[in-house]
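*Asks:* Here the protein sequences come in this chain order: A and B. Position 244, counted from 1, in the first sequence is what UniProt numbering calls 244; the numbers after and before it change by one each time, with no gaps. Position 165, counted from 1, in the second sequence is what UniProt numbering calls 165; the numbers after and before it change by one each time, with no gaps.
Since the hints were made in silico from the structure, they are not lab data. Fair warning: this is a prediction, and the values are worked out from it, not measured in the lab. Even for Gly, the Cβ is constructed at its ideal location relative to N, Cα and C. Every clue listed holds true.
Restraint-style ranges between C-beta atoms, simulated for each label pair:
id	chain 1	residue 1	chain 2	residue 2	range
1	B	K28	A	I95	46 to 54 Å
2	A	L68	B	E109	31 to 39 Å
3	A	I95	B	R226	51 to 59 Å
4	B	G106	A	L68	27 to 35 Å
5	B	A209	A	T161	21 to 29 Å
Given next are the chains, with one letter for each unit.
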Amino acid sequence: MKGSRLGPTIVILVAAAYFLLPLMATFEFSLSMIRGVWSFEAYRVVFADPEFRHTFTFSVVAAVAAILLGALLVVPTAYWVRLRFPRLRSVVEFITLLPLVIPPIVLVFGYIRMYNSSSLVPLTATAGGTNVLLVLGYVTLSLPYMYRAVDTGMGAIDIRTLTEAGESLGASRGRILATVILPNVRAAVLSGAFLTFAIVIGEFVLASLLNRPAFGPYLALIGTNRAYEPSALAMIAFAVTWACMVLMQSLGARPAHKARQRR
Amino acid sequence: MSFVEIEGVGKSFGPNAVLKDFNLTIAKGEFISLLGPSGCGKTTMLRIIAGFESATTGRVRIGGEDVTRLPPNKRHIGMVFQAYALFPNLSVFDNVAFGLKVAGQGKAEIARRVMELLELIKLPDLAHRYPYQLSGGQQQRVALARALAPSPRVLLLDEPLSALDAKIRVSLREEIRSLQRELGITTIFVTHDQEEALSMSDRIVVMNAGCAEQIGTPFEIYNHPRSRFVASFVGTLNALDGVAVGEGVAAIDGQTVAVPGLAASPSAEQFTLALRPESVSLSPRPEATNRLNGTIEDVSFLGSVVRIRLRIGGSTLLFDTFNNPASPPPPRGANATVHFAPGDLQVLESGPVVLPEAAE
Ligand SMILES: Nc1ncnc2c1ncn2[C@@H]1O[C@H](COP(=O)(O)OP(=O)(O)OP(=O)(O)O)[C@@H](O)[C@H]1O
Ligand SMILES: [Mg+2]
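Looking at chain A on its own, in the form it has when it is part of the complex (with noise of 0.2 Å):
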């Protein structure tokens, strides 16, 4: 009895020490920039910087940017294929996890050779053009969060019945996409969405090689450069992280309206 109690209580606290330690050592290290005393002097210094407000903003746009296009893309797909295609399911998911299995950098340079200054769509040509790049890199890089977050929602409801009750009351199939499927996955999009924001936030390789002033290649530049300010802005980027965990878990554990749909 003992024994089997023991065991698992060892498991987690090492997990937790492995975990919490790090950060723990992390905070206060970003909260001892004033010898001998605690305070939070190294974040009063990150946000009185500039560049940080400005990368901080620019990632924060690109995000928003690629939750959107990226619902825009996922929303309508996965419920076409649910509704008309279910045997291309297994074929479009694997696509859709492509991107955990090709990393980044291979993705930027195929972009850089694909979207160069001389072919036929130039967006490395100019600054605009960069940034619509990156964007649609975010939206690859979130697809398998977005795809899984929002099929898993839809496997929740019966599309096709939902579908059928709409048309034959003579909707078409935008009309009940936007008022009758969106709304009842509402909380699989949010869901996606805060995963993609989460990876938009502190994403390095793409942003830096598209030379773009994303928040990740500040991190990593003031990192090699400071000595108090990367770890305040370690926290920071934690405490976006974690919120946006929250506010998923939150709006993932209030049923959208089906408890007691079936059955």
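Keeping the supplied structure of chain A fixed, place chain B with the ligands upon it in accordance with the hints.
*Replies:* Just chain B with the ligands, lined up with the frame of chain A:
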């Protein structure tokens, strides 16, 4: 005047022919049931009328208009599904209003029509509830109101009652029928429950393996089934093994009974006789000149009716008697004699000879 015309509709899924040359015309305001066992193609036929499935051959006309190639959202049909299929994100009011909004009606007009329908289904107080806050029966009534709101030309119902429990099923089927009469809407109702079909319909289409086996009023279908399949599917049917022993005379387990219309057969041929439970009684009646002796195998007390199973040689005979407080039903194992009129016996098609008039 035929309002819905289904002409030679066939449907195959790959090599699998699900519907074969299905023909049916439905008058305006008529209540038609498609009745048949699981997998016989009822849902497929209904979905072809709704436009969710396209017919491989044949055509469908509604109100004179050929709708065979029309998408479902252009057909002006109302559909009620087995699983209710209410929009979970919309309130009862908005569910019912959905079709009206799609049709582009004004706000006031929509509100008036929705409340009118909620009155009709007797749920005016639940307008602001969400589907998950309703019982199954309430959800199905809302689904009915939603389908009826845009005044469709035809109402289609696919086993709308089968997810509900027995009591609600009976009360809701009466409600659907009276609502249908009140609105005079042409209705096609799919069910595999013969009691539902018999009690609700103007006409029943009994389907078997993708074909319309018999089309007729409940009275015709029940009393004059045209085939063995219809006879056995509609109602409880007693099939008794008989041997022809002479003109109009057969033997069941060695006991002779009169069978009008049975031709004399040279050899003692085996065949099957059908007998409805309600034509059999334990007490003699003047016209019930046929009798059979047997052993009571089982007695089930169902309330107003007592259902008795009698064993006669190799066959069993199920029949009902009304509950009589003055005389308890016979005990199991007892011997009993049952009485029935010769005209109640029907020779099923596998038998030797059936004169066509025999059923009339
Ligand atoms: N999309 C489909 N693809 C292939 N076969 C199908 C499809 N839909 C139906 N079928 C087949 O067609 C036949 C008839 O199906 P249908 O759903 O019309 O039966 P039903 O009479 O409604 O039965 P139930 O009472 O069980 O609902 C079945 O054998 C079924 O397997
Ligand atoms: Mg069916």
